[in-house]
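Asks: Residue numbers for the sequence shown follow my numbering, so the first one is 1 and each next one is one higher.
Don't read these hints as lab results, they were simulated from the structure. Be aware that a few hints might be false.
In the SDA-like style, the derived pairs of lysine to any residue whose C-alpha atoms are separated by at most 25 angstroms in a straight line are [what the hints assert, rightly or not]: (1) K91 - F68; (2) K61 - L77; (3) K91 - K155; (4) K154 - F80; (5) K42 - H102.
Bear in mind that the values here come from a model prediction, so they are computed numbers and not experimental data.
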Amino acid sequence: MEVAALFGEDAVRVVEVLKGVHEIIDIDVVDQTQIRLSTVRKTLYRLYDHSLVGLRRSRDKETGWFVFHWRLQPDQLEGFIFNQKRRVLEKLETRLRYEKSHEFYSCQTQGCRPLPFEQAFEALFRCPACNKPMVHVNNSHIIETLTRKISQIKKELSE
Numbered sequence: 001m002e003v004a005a006l007f008g009e010d011a012v013r014v015v016e017v018l019k020g021v022h023e024i025i026d027i028d029v030v031d032q033t034q035i036r037l038s039t040v041r042k043t044l045y046r047l048y049d050h051s052l053v054g055l056r057r058s059r060d061k062e063t064g065w066f067v068f069h070w071r072l073q074p075d076q077l078e079g080f081i082f083n084q085k086r087r088v089l090e091k092l093e094t095r096l097r098y099e100k101s102h103e104f105y106s107c108q109t110q111g112c113r114p115l116p117f118e119q120a121f122e123a124l125f126r127c128p129a130c131n132k133p134m135v136h137v138n139n140s141h142i143i144e145t146l147t148r149k150i151s152q153i154k155k156e157l158s159e
């Protein structure tokens, strides 16, 4: 689910509760999800920041405190997801260009990262982290994966 990928599992549970009602207050969301109040509020405000939920404010007559009534705005969700996919697509295309235009070298030690040719050359083909010799890395699998993911996202955006 898209909400889980962007906001986490707690957000999925909060959205599920919001789907079933016209409006709800945060305490009722806590009762239905068993998620801590501070987490529910933080999640609702994150969703609100992206216009995925709306709120109406009223004043409690007994305490004088504001009460926030939350509602899902499903019409905003589609546009938000579309924009997120566009951002991801741009980042993937940038990474693909980078992968295609560089040769990489690695010491192949876990935790050490591959370096582009220029940096490996400056380090005399010795890993700056562990000082082991570096060898050429075939990044064709990364290029294939990026190309496949870019095609998938472009297809989703065109539907």
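Asks: So, for every hint listed, does it hold in this structure?
Replies: Hints and how they fare:
1. K91 - F68: The hint is violated at about 37 angstroms.
2. K61 - L77: With Cα atoms ~34 angstroms apart, K61 and L77 exceed 25 angstroms; violated.
3. K91 - K155: holds (16 angstroms)
4. K154 - F80: holds (16 angstroms)
5. K42 - H102: Violated. K42 to H102 sits at ~42 angstroms, over the 25 angstroms cutoff.
The structure fails to meet hints 1, 2 and 5 from the earlier list, while all remaining hints are met.
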